[in-house]
Amino acid sequence: MIERAHWFDRLTYGALIVGAILVCMPIYYAVIVASMPDGSESDAVYLLPGGHLFENLANAWNKEGLGRQLFNSGVMAVGVTVGKIAISLLSAFAITYFRFRFRMTAFWLIFITLMLPVEVRIVPTFEVAANALAPFQAIIDLLAIERVAGWLAGHEVDINLEWSLLDSYTGLILPLIASATATFLFRQFFLTVPEELCEAAKIDGAGPMRFFFRILLPMSTTSMAALAVILFIFGWNQYLWPLLITTEPEMTTVVIGVARTLPTEDADAQWNLTMATAILATLPPVAVVLLLQRWFVKGLVDAEK
Amino acid sequence: MADVEIRNVYKSYGDTQVIHGVSVFIRDGEFVVIVGPSGCGKSTLLRMIAGLEAITSGDIAIDGRVVNEVEPKDRDIAMVFQNYALYPHMTVAQNMSFGLRLRRLSKREVADRLRRAAEILQLSELMDRKPRQLSGGQRQRVAMGRAIVRDPAAFLFDEPLSNLDAKLRVQMRLEIKKLHRELGATSIYVTHDQVEAMTMADRLIVMNAGIAEQVGAPLDIYECPASAYVAGFIGSPAMNFLACEVTGDGRAVHLNGSGELALNGNGATAGGGVATAGIRPEHIAVCGGEDADLHVTATMVEPLGADTLVHGALAHDGAAAGPELTIRLPGIVRIQAGEQLPLRIDRDRIHLFDAERGTRIN
Amino acid sequence: MIKRVTFASKSLPYLLLGPQLLILAVFFFWPAGKAIYESFFLSDPFGATQIFVGLENFQMLLVSPEYYDSILVTLVFSGLTTLAALLSGFVMAVFADRAIRGVLVFKSALIWPYAVAPAVAGALWIFLFHPTFGSVAGLLIALGVDWDPLLNGAHAMTLVVVAAAWKQISYNFVFFLAGLQAIPKSLIEAAAIDGAGPGKRLWYVVIPLLSPTTFFLIVINIVYAFFDTFGIIHAVTGGGPAGATNTLVFKVYTDGFENQDLGASSAQSVILMFIVIALTVLQFRYIERRVSYA
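Residue numbers (our numbering), protein chains in the order written: chain G, 26 to 330; chain P, 672 to 1033; chain L, 144 to 437.
Treat the hints as calculated values from the structure; they're not laboratory data.
One should not assume that every hint holds.
What the hints assert, rightly or not - Simulated coverage check for chain L against chain G, where a stretch passes if three residues somewhere in it have a Cβ under 8 Å from a Cβ of chain G: (1) 216 to 230; (2) 258 to 268; (3) 410 to 423.
For clarity, every value in this text was computed on a predicted model and none was experimentally measured.
Built from N, CA and C at the ideal position, the CB exists for glycine as well.
Construct the entire structure; sequences and hints are all you get.
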């Protein structure tokens, strides 16, 4: 650094320390409250933990359904991560390594979805989730296929497609996969792969799929890891979608579980347990971000280029 | 091993034609260098031989078989790329054996070929390294190893040395040449570096703007360039070109107001008229005043040790403002800028070119 | 853009695109189309009958004071959140870029809120500021502030802005830090030799060079404040008190699911989609211009 003044260093570290403390305060306080015994005054100001942290965490853990909720969140987060990476790799490969008639059409179809989150089209998406085959049913109705089939079969045919995704992992995961961010990240990465690698692979005798699996995929591991961190958190932290699509308690995710334990006007609320639950719900994604910080930062910055 | 024949090959991208009909026959075991400036179509030609570019019209045959529609992998060729194109996630051994494994060679056969190639290229110690752990020269060797293990009918090289520093380039040049002598495989080598071209080639193809201007042995081309373009491209420093007047019988020329210079035994095919005379810098000598054909005023002197380059302006009608001339004098010659030099031209080595079309006329 | 070297296959690219396009068709294009379609109809709460009403749903919205209130709430909320999160993230990044020791600790401390779910973030903050349970609220009240986010709209807004901005500091911090580290050190040194002190360098060199990052972050932060904060509002204020935190997305949800007014909800969805598309186009045009200057 250019300035070597002591006051400047002090300012730098002072500001960082103050900032870090402010940013960490809510969770620090959550930990403190989660360590208080039952029945302590909730509006008193505590600065030091109360010694009941592990007891409360254990109680929260043993509370009905929390294990199941954590499991559901895990399935959802991993499902979104794996699903999105898989379909995005394939489609990014198609639009960068093939010339075909509807390439630009496909490109724009995917591109349009880039920034529209599920929240914007929440009501109709919910309707689709109630019956994922509704679009196909509508096409069938529109084309009067029933009548055609009936005419072909010689009697009346009733086609009723129904596949409800409510209260299912599929329903939790699939709508969240329907966006293009990952496709664009991989496309970006594929464009930086030297052309000669593909030529060398062709001369070595590799076809497109072999090139994809043996050369391109192993080269993409860094991008995949970075993206996986982002997508895991994205999946884990979903709120509105699981709120709508799950009705049965055993399909609820942990984030919703925490929100539901928030007391409203109830003065006897067990704040210590609520905070212990919140800590348990937050631990997995925070651990992912802190342990994989390097990938996380790369994933965040790359995904938005 | 095989011969490679290029028959009247054209290449267009949309409406733009980039190769305008090239025909060359490359004999079995020959080392052919395609040389030319960037954009002349040399890489495109090589990539058409490899099967990486489609041929617009004409034929390419390898070992007598027309391969126009054959996939690169089935052409029995191997290629060394300018940036090596090593798979970054594979070790040296995996890089070299990838093609063999895809061809389902037996494990023993693969190991055998790897070992032999590693010995030839002195890569045995590096087989488990990843490309990023290798120096430029080592990567270059791995890229060649990948080609060698395939035991192909023909080796294709696309400017393989241009990413190396000058010293390594000289060393690898010799190694490739030595390798060719050992393996005796047909090799086609693309470069823009005329020193590489001259030193490595059995035969040279000089390309310019999508056509093969001249095909021949390096020294033949040097001594008898077919066009002003080739003459200017081959040889460093470049040949001097001067406007001249050919005498009526075609046996002598007038240069820049000089006297009559007799063209001993290499007279022009047609007498009379204006032409371009090409004189290599090394075919001009400083002489006694009375023998002088021309006089120059030295403008800059570059002492290289082994020889001395003098740049000068021809005296023109008494004023020193005529065309520029470069002269290469053997050894160390002490000349100051501004000095007047009487020059004598080697009459046996004057090249005459048509003033308009640039074709050779003597 | 496409690779110069490509593979030739008639059917393979379609097979590769298949899974993504199928999912997009069912869960993106169909619902988006449905939203547009339904915005022209009036439905009864059970969806049994639909009457085509043309633009009536949109007209109703545009004369509804409630909708204007919601727009205003959204603008205030996203404006304040963006401003607070951007400024905090920037200041922290500037100092973290300068720090030599303990960088990893500071970075970790500033990054982790990104991983906290918005709804959980809401829970953490409401706990501190709840008028009856919150300890910080207790302090404020003891200091004589009449603090009550459950009844006072401005207090409720402050609370959700703080919670939303807090979560977004990490994101801005990461991008600003990456942007700062991408500025060639030689430029900063040249400015120092030209006589610019730290403040002048920041103002005349660093901030202009960061402007692409800043612009990008403004768009992202607005989109974040529009949509991703649903969980915070739902968990903390439920849109209240008296609609003081009833943002556009929250209103789409309440109209669609709680009031069962599909037509109005769809019309709002359509308007939201256009807002986001406009933001996206704006951003890409800006990026394009930046690229062509480079």
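Verification of the hints:
1. 216 to 230: violated (count 0)
2. 258 to 268: holds (count 11)
3. 410 to 423: With 7 residues in contact (Cβ-Cβ under 8 Å with chain G), the coverage given for the stretch 410 to 423 of chain L holds.
This entry does not satisfy hint 1, going by the numbered hints stated previously; all others are met.
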